[in-house]
Amino acid sequence: MALFRTDPTDLSDERLMELVLRGDERAFTVLFDRYQRKLLTYFHRMLWQDRERAEDFLQDLFTKIAQRPHSYNSERPFRTWLYSVANNMCKNEYRRMATRTAAVPELKATNNHTVEAAGGIGVDHERFSARLEEELDKLDPDHKATFVMRHHEDMPIKEIASVFGISEGTVKSRLFYTVKKLAANMPEFDPRPKQAASVARPR
Amino acid sequence: MKNMDRTERYDPEDLEHLMLERGFDELLEEERAYALRHLDGRAEYERMRALLHHVREEKSERPLMDADPAVRERVLAAFREQRQPQWRIWLNSVGGFLLPSRPSMYWRPALALGTVAALVFTALVTWNSLEQKDNKVLAEVKQEVPNAPQAAAKTDEEDQLEEVANTENDVEAHTGESTNASASQDADQSFRYRTPSMARTQQVEDAVDSPKEMEQVVVAEPAPPALMDATTPDVDVAQAAAGGLKKDVSGTAVTANEVASPAASRAKAEKRAEITGNSDAMAYNEGLVADERQVSSAPAYTEDDLIGLLRAAW
Numbered sequence: 325m326a327l328f329r330t331d332p333t334d335l336s337d338e339r340l341m342e343l344v345l346r347g348d349e350r351a352f353t354v355l356f357d358r359y360q361r362k363l364l365t366y367f368h369r370m371l372w373q374d375r376e377r378a379e380d381f382l383q384d385l386f387t388k389i390a391q392r393p394h395s396y397n398s399e400r401p402f403r404t405w406l407y408s409v410a411n412n413m414c415k416n417e418y419r420r421m422a423t424r425t426a427a428v429p430e431l432k433a434t435n436n437h438t439v440e441a442a443g444g445i446g447v448d449h450e451r452f453s454a455r456l457e458e459e460l461d462k463l464d465p466d467h468k469a470t471f472v473m474r475h476h477e478d479m480p481i482k483e484i485a486s487v488f489g490i491s492e493g494t495v496k497s498r499l500f501y502t503v504k505k506l507a508a509n510m511p512e513f514d515p516r517p518k519q520a521a522s523v524a525r526p527r
Numbered sequence: 007m008k009n010m011d012r013t014e015r016y017d018p019e020d021l022e023h024l025m026l027e028r029g030f031d032e033l034l035e036e037e038r039a040y041a042l043r044h045l046d047g048r049a050e051y052e053r054m055r056a057l058l059h060h061v062r063e064e065k066s067e068r069p070l071m072d073a074d075p076a077v078r079e080r081v082l083a084a085f086r087e088q089r090q091p092q093w094r095i096w097l098n099s100v101g102g103f104l105l106p107s108r109p110s111m112y113w114r115p116a117l118a119l120g121t122v123a124a125l126v127f128t129a130l131v132t133w134n135s136l137e138q139k140d141n142k143v144l145a146e147v148k149q150e151v152p153n154a155p156q157a158a159a160k161t162d163e164e165d166q167l168e169e170v171a172n173t174e175n176d177v178e179a180h181t182g183e184s185t186n187a188s189a190s191q192d193a194d195q196s197f198r199y200r201t202p203s204m205a206r207t208q209q210v211e212d213a214v215d216s217p218k219e220m221e222q223v224v225v226a227e228p229a230p231p232a233l234m235d236a237t238t239p240d241v242d243v244a245q246a247a248a249g250g251l252k253k254d255v256s257g258t259a260v261t262a263n264e265v266a267s268p269a270a271s272r273a274k275a276e277k278r279a280e281i282t283g284n285s286d287a288m289a290y291n292e293g294l295v296a297d298e299r300q301v302s303s304a305p306a307y308t309e310d311d312l313i314g315l316l317r318a319a320w
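So the protein lines, in turn, are chains A and B.
Under the working numbering, the first residue of the first sequence carries the number 325, and numbering increases by one thereafter.
Under the working numbering, the first residue of the second sequence carries the number 7, and numbering increases by one thereafter.
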């Protein structure tokens, strides 16, 4: 019996999506379980560490997949397609929030200080995390999303390029200048500030 | 040469890799040259390196978040709802149509359906009427071609019947002055041109009016059309043959009928007398003449009535 029945958890994302298109609920469940944590964390980082909002976005994303599975482009890797949809949702939310913030300036302060304290993390890490989130929120949404995908989701450069529909070189450049900017804006976490200042450029 | 190639392959990603792997002091000469081509110096390199390390540590120590089970249930419910069979949806819609929660919502579709039904009905009625018109035209064409001689014959026959009718009128008008020869001639003509219905009527009348001796004569030589009374009841031939009519009609009834129209009755009686030569019939005729004189000598109105009518008219 095991010869003829394949465990859906062993199938690739693309194969599972084919089954979802045929109405296979198990395949849909496997896909949800496979990505729900990563996507929730991604939404949490991208949406000002607001857990409820992140859960709402996660539910909306998979509800869209359930209602319109044919919108999936089978020529693209499922993970890339999934993150591109998630990224577009976040960008729409940024636009919405920008409109609201322009209308009600008090909202900006509220949204920028919803940092959660993660249990088990040291004080420095907690502080670093809060400062990092604060600085990320100041970045352009695309740069922020690129940084989160690369350093928090561990996505390869090629996949990130596919998500945004840009070249790999553009992604590398974007990442490099994002890290450079963040480091410049967070000098308090420099371990050797005095030594760094003494090193001169060889040119 | 080998180092040069390696230097040429560097890019920001490789620089990031270098930062994560080695400090500025640990870099090779070519690597350091490449890093300093993009950075301001050691301090920036170390700051960026520290940042990347902090991010990595923060990511490793920060566990992934789990979604609320309710989110999972809602998503799966949405998937199941989307995958429901179509017939269920159809049945639900039928149930909703039969038992509407708000009937006021149905007046628009009901109006639309009613209009469509009225249009269809009108179209059907119009179509049927047009079709019947077409059939009539065809039927007329079909009837005209084969029945033309018959129609012509009928027309001739109708003309002859009109002549007979005119003759009857003449006979009735000039009953007293008509001769035996003309009466017999008319009788011959009417016998020739009478229709079957007329023949039946004549037969019934003869059966009613004539005695047995007369019946033989009448059958041998049919009565002229002048004798066909307009007041003759339309009775069934079979009933007449059964003899039931002899019981119902009596001589007094005939007399009474003839009193109502004295001129016609007298002419009829004279004809009978001439044909049969019966003395009783002659006497009967004479009695009728006397009655007529009595009726004419005794007017139904007085002079006062007449004068009153004239005054009213004036």
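Just so you know, these hints were derived from the structure itself, not from any lab.
A few of these clues could be false.
SDA-like, lysine to any residue: derived pairs with alpha carbons at most 25 angstroms apart [claimed, not checked]:
#1 A/Lys362 / A/Ala426
#2 B/Lys65 / A/Met510
#3 B/Lys65 / A/Glu457
#4 B/Lys65 / A/Asp448
#5 A/Lys505 / A/Leu463
#6 A/Lys482 / B/His59
#7 A/Lys388 / A/Ala426
#8 A/Lys388 / A/Glu450
#9 B/Lys65 / A/Lys388
#10 A/Lys482 / B/Glu22
#11 B/Lys139 / A/Leu385
Since the structure is predicted, the reported quantities are computational estimates derived from the model, not experimental observations.
Each hint tested on the structure:
1. A/Lys362 / A/Ala426: 31 angstroms, violated
2. B/Lys65 / A/Met510: 18 angstroms, holds
3. B/Lys65 / A/Glu457: 12 angstroms, holds
4. B/Lys65 / A/Asp448: Within the cut-off at roughly 13 angstroms; holds.
5. A/Lys505 / A/Leu463: Roughly 9 angstroms between the alpha carbons, so the hint for A/Lys505 and A/Leu463 holds.
6. A/Lys482 / B/His59: 22 angstroms, holds
7. A/Lys388 / A/Ala426: Cα-Cα ~30 angstroms, so violated.
8. A/Lys388 / A/Glu450: 35 angstroms, violated
9. B/Lys65 / A/Lys388: Distance of about 29 angstroms is beyond 25 angstroms: violated.
10. A/Lys482 / B/Glu22: At roughly 16 angstroms apart (the allowed maximum being 25 angstroms), B/Glu22 and A/Lys482 satisfy the hint.
11. B/Lys139 / A/Leu385: 68 angstroms, violated
Hint compliance for this structure: hints 1, 7, 8, 9 and 11 are broken, all remaining hints hold.
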